[in-house]
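The listed protein sequences derive, respectively, from chains C and H. Each step along the first sequence adds one to the number in the UniProt record's numbering, with nothing skipped, and position 103 is 103. Each step along the second sequence adds one to the number in the UniProt record's numbering, with nothing skipped, and position 51 is 51.
None of these hints come from the bench; they were simulated from the model. One or more hints might be untrue.
[To be verified] Facing chain H, from chain C, some residues (calculated, C-beta under 7 Å): (1) T47; (2) K49; (3) E64; (4) R65.
[Unchecked claim] In the SDA-like style, the derived pairs of lysine to any residue whose C-alpha atoms are separated by at most 25 Å in a straight line are: (5) K68(C) - P710(H); (6) K73(C) - A136(C); (7) K68(C) - F408(H); (8) K68(C) - S480(H).
[What the hints assert, rightly or not] A few chain H positions that, by computed beta-carbon distances, are all more than 12 Å from chain C: (9) K386; (10) R487; (11) T490.
In this text, all values refer to a predicted model and were calculated from it rather than measured experimentally. Even for Gly, the Cβ is constructed at its ideal location relative to N, Cα and C.
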Amino acid sequence: MLEQDIDFDAILSRYRADPFDYLAVHTSHTGRLRFKVAKGDQVEGVTGKFRHIPGTLLYELERERNPKRFTSKTNGQVDMIRADLEGNFVEAGEQIMTLKHPLTKREIIEYILRQVLTPYKAPEKAKYFFSMDLQARVDKYGLRGVSLKPGDEVLTMSLMKRDTPVYYDGEPGIIHSVYFKPGVSVEQGEPLFGVCPKDRLSLIERIITRVKAEWD
Amino acid sequence: MEHLRKRLLKVEERIVYLGQIKEGPDWGNLPALQETLKGVRDSFYDLSQEALAEKIGSLEESVSFLEARCEETLSSMERVRIVRSPLRFSLKDLLENVYEEYTELGGEEDANIDPALVAARASICRRTKNKTIMQQVMVIGHEKGHGEEYRNGGSTKPWGNEKALRYMRVAETEGIPIHFYIFTPGAFPVEEYPGAAQQIARNLYVMAKLRVPMIAVTSEGGSGGAEAVGMGDMRLMFSHGYYSVISPEGAAAIEGKVKEGDKLPKDLVETCADRLAITAADNLRLGTIDRVIPEPILGAKRDDFAFFRRVKAEMIRATDEVVLKTKSLRAFRAYELKLEKDGEAGLDDEPRIDVSWELADDEIERLLQLRSRKYREMARQGYQEKLSGYAAFYRRAGQSLAKLYYTFRYDILKSQHKQVKKVIKDVSGESSVLIKQVSAPFYAAYDFISRKPGERPARSGALWGSGGEEQVEYGEIYTSSLANEDRTVTCPNAERHGCKDLWVPDLYGEFCGVCETCGHHFPLEYQWYMRHLFEPDSIREFNSDLASINPLDFPGIDKKLELARKKTGRPCAMITFDARVMGIDIVVAMLYSDFRNGTVGAAEGEKFVRACEVAKIKRRPLLAYVHTTGGIRIHEGTLGVIQMPKCTMAVREYIGSGGLYLVVYDNNSYAGPVASFLGCSPYQFAIRSSRIGFAGPRVIRETTGEDVPPYYHSARSALKRGHIQGIWDRREFRRNLHKSLMTMGGGNLYYR
Chain C
1 MLEQDIDFDA ILSRYRADPF DYLAVHTSHT GRLRFKVAKG DQVEGVTGKF
51 RHIPGTLLYE LERERNPKRF TSKTNGQVDM IRADLEGNFV EAGEQIMTLK
101 HPLTKREIIE YILRQVLTPY KAPEKAKYFF SMDLQARVDK YGLRGVSLKP
151 GDEVLTMSLM KRDTPVYYDG EPGIIHSVYF KPGVSVEQGE PLFGVCPKDR
201 LSLIERIITR VKAEWD
Chain H
1 MEHLRKRLLK VEERIVYLGQ IKEGPDWGNL PALQETLKGV RDSFYDLSQE
51 ALAEKIGSLE ESVSFLEARC EETLSSMERV RIVRSPLRFS LKDLLENVYE
101 EYTELGGEED ANIDPALVAA RASICRRTKN KTIMQQVMVI GHEKGHGEEY
151 RNGGSTKPWG NEKALRYMRV AETEGIPIHF YIFTPGAFPV EEYPGAAQQI
201 ARNLYVMAKL RVPMIAVTSE GGSGGAEAVG MGDMRLMFSH GYYSVISPEG
251 AAAIEGKVKE GDKLPKDLVE TCADRLAITA ADNLRLGTID RVIPEPILGA
301 KRDDFAFFRR VKAEMIRATD EVVLKTKSLR AFRAYELKLE KDGEAGLDDE
351 PRIDVSWELA DDEIERLLQL RSRKYREMAR QGYQEKLSGY AAFYRRAGQS
401 LAKLYYTFRY DILKSQHKQV KKVIKDVSGE SSVLIKQVSA PFYAAYDFIS
451 RKPGERPARS GALWGSGGEE QVEYGEIYTS SLANEDRTVT CPNAERHGCK
501 DLWVPDLYGE FCGVCETCGH HFPLEYQWYM RHLFEPDSIR EFNSDLASIN
551 PLDFPGIDKK LELARKKTGR PCAMITFDAR VMGIDIVVAM LYSDFRNGTV
601 GAAEGEKFVR ACEVAKIKRR PLLAYVHTTG GIRIHEGTLG VIQMPKCTMA
651 VREYIGSGGL YLVVYDNNSY AGPVASFLGC SPYQFAIRSS RIGFAGPRVI
701 RETTGEDVPP YYHSARSALK RGHIQGIWDR REFRRNLHKS LMTMGGGNLY
751 YR
């Protein structure tokens, strides 16, 4: 992917024009529906130090005399609500409301990075470490000062006390973001780090700075 | 001028102190006094020395008058405020002023495993007619600190109580008395190892039979935290202290059903403090303490040296009394002590006789007997037992006969039987080798001839007891009444494990209240366990006439107790009975949720103690099954708290005499009972999805200011911390119980 392939202005203006995420709420099963919020209401997501306090009660779905309560997973505002379904029997998978979630600065940057960086995924569930050589170079030149090319030994995969070298097989570039912590087990398929071509680095950094400066 | 300035400062301190006790500067003529004080302070250098002395003198007189008035009408909550005042003396002041020398053990100041608990080796000095004698003691107590943050207000962490236990054992090894000083608002409610509740239970268990005299003095006795170092042979209390089952604020939050974070109504807190009977006079009346150490007006402060002299005399006298009660020549010595005690002149001074605090073996035995008797007799007035003269006689006769029968059966016959069996075993072991060689060819030939074609030789399996393996078809015996509803319920783990909704008749019938996907246990009524655990018709209840009452006349409680009686058809929250599990006879004490949430009061405690005694007489294993317990019943005040040492003493004596004690927790088990007679069991198990702990999440949040992680109190967390030994599935309860009885009891199932 070349620089001209990515229209950063378009991406930025999309978030500037509408800095929200729209989350559709679907019923998980059939039942009689009772809304507990109205259009325009503010809702809270899951909170607490351990993410243990449930969010705002959105609706109740009663099936076989078992009223089940459904709470909001994210904060925001009730954007659309199917008020016509109030008190009615609904099918499973019916969209009953949409929540408008205001994106935070961090979420926007994450979304943008997801579009422009190439993720390198964990080949197996294991603990990962940067290879000795790479770690030494990172220590010396910093993360952005080290470039990767296919065939480089990039990681050491540690599984049940067996250390296996992992060779890089993606497109050449530099490591922009690291998503794993040394010694902490990572599930298979989870991104370990994001790579970006060297020539695109300055552009990405400019974008991040702009997002940081422009969004409160 | 300097001494006048000091006097003025002292007056100011006394006025501020009065304001603190009365919670506001508007009481009596305090505002006028403050105004006068301000005037004197502002014109301090303008007035002549004589005029200043006169003004300060008049101020002092007014303040003294006000203090006397305040003292006369001190309410319970005002006493609580006195105890919490930063001006009040603390353990360090006692160590400095009551004892000659001391060395702090297990850390100093903030470099300490728990600065809230101080252990020290100290020497106390007594004078006889012509010589001075130094006696060694171990001092253990809470230090509230003089405003030091790291003392945590005297709220001991579990590892602090563990330190206390360590030094109690040191004192026991060295044979020196222990002086406990209780200055705690309560134990710090964290479950991390060794665990608040479990450690208090361990302390109580050890103290029950600690082989040295122990004197406990209470200034601020906050429930479980106080009990952890409070099981004295002599229990004293400072006259302005308080000893309570719960803080007045905590009681008000429960009584007023105040939501978390909401402000407590001040009147309700005051009323609760009065109703809980927390003062020294109340506790003396209830018999939870033995004597009161008088303090000066409005409580002793850090510089009341006359008071410290008095404390020293009282501590020496109390230790002497405990020691002399165990001595053979005690009548004479006690008489001498009494003379000293009664003499007005000698009241503030230590007894001028020499009493050695070292005890011989037989004296230690007597000390332990006296301690046991002391706690057995406590809180007798807290329950009701309706027995006619005939029934009482019948019961006493029955008990004596049972005692005789079981002594004959187990102590006389069994020991003979054991010896004979041992001889036979030895002889047969030797001879079997010889006989086998001779008889083997004959047996083999017989087997070959008598075996039918196709028949395989039977395998000999291990047999557990006389009952052997037994399958129980649960659904056929008893179905929970909860199953009579046509609806579904959702498993609380549905989101995590994707559990399907459960149809109630299935859930409470065939599934025994267990989610078929994740194994979550929905609560079931206690009757289900009574019907499924034990052999049909093997349950024989005893002491079923022991009833909970309202000993402190707490308003509204009589009605609530009546309602609970109507609802359950039982007089208290504990059921005790003999039962049989797969052929094994056991005694069971069961706390159940329907009666005041399984809280323990004087009746429940007494029933438990009697269950221990029955198990001891009959030489049977004792099972404490906790369907639910919400802790100690706060409406019984310290009569409830005292059940902690009382019941732990009973457990200790039962285990000590050779019994096997198992505890199984179900649903919710919290606070006092877990921190005493349940938590002290060496074998504790939990039913799945149950919660075990010291304090609930709300109390932890309010005390520590930290949020509680989810599953903090879960059985699995308790297992990880080593508080319990295993988690049982409800459907396997009977089999697991039998297995545990066999493994833990083995050959000594009916006593060692």
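Here is how each hint holds up against the structure:
1. Against a cut-off of 7 Å between C-beta atoms, the interface hint on T47(C) is violated, since the closest Cβ of chain H lies about 10 Å away.
2. Annotation: interface hint on K49(C) holds; nearest CB of chain H at approximately 4 Å, less than 7 Å.
3. Hint status for E64(C) relative to chain H: holds, with the closest Cβ pair at about 4 Å, below 7 Å.
4. The restraint placing R65(C) at the interface with chain H holds, with a minimum CB-CB distance near 3 Å, inside the 7 Å limit.
5. A C-alpha spacing of about 21 Å is found between K68(C) and P710(H), which places the hinted pair at or below 25 Å, so the restraint holds.
6. A hinted pair counts as satisfied when its Cα atoms are at most 25 Å apart, and K73(C) with A136(C) does not qualify at roughly 42 Å.
7. Using a Cα cut-off of 25 Å, the hinted pair K68(C) and F408(H) is violated, with the two alpha carbons roughly 63 Å apart.
8. Under the criterion of a C-alpha separation no larger than 25 Å, the hint pairing K68(C) with S480(H) is consistent with the structure, at around 24 Å.
9. Once the 12 Å rule is applied to beta carbons, K386(H) is consistent with being away from chain C; the minimum gap is 44 Å.
10. R487(H), annotated as away from the interface, has a beta carbon of chain C within 12 Å; the closest lies near 3 Å.
11. Not every CB of chain C is more than 12 Å from the CB of T490(H) (nearest about 6 Å), against its label as outside the interface.
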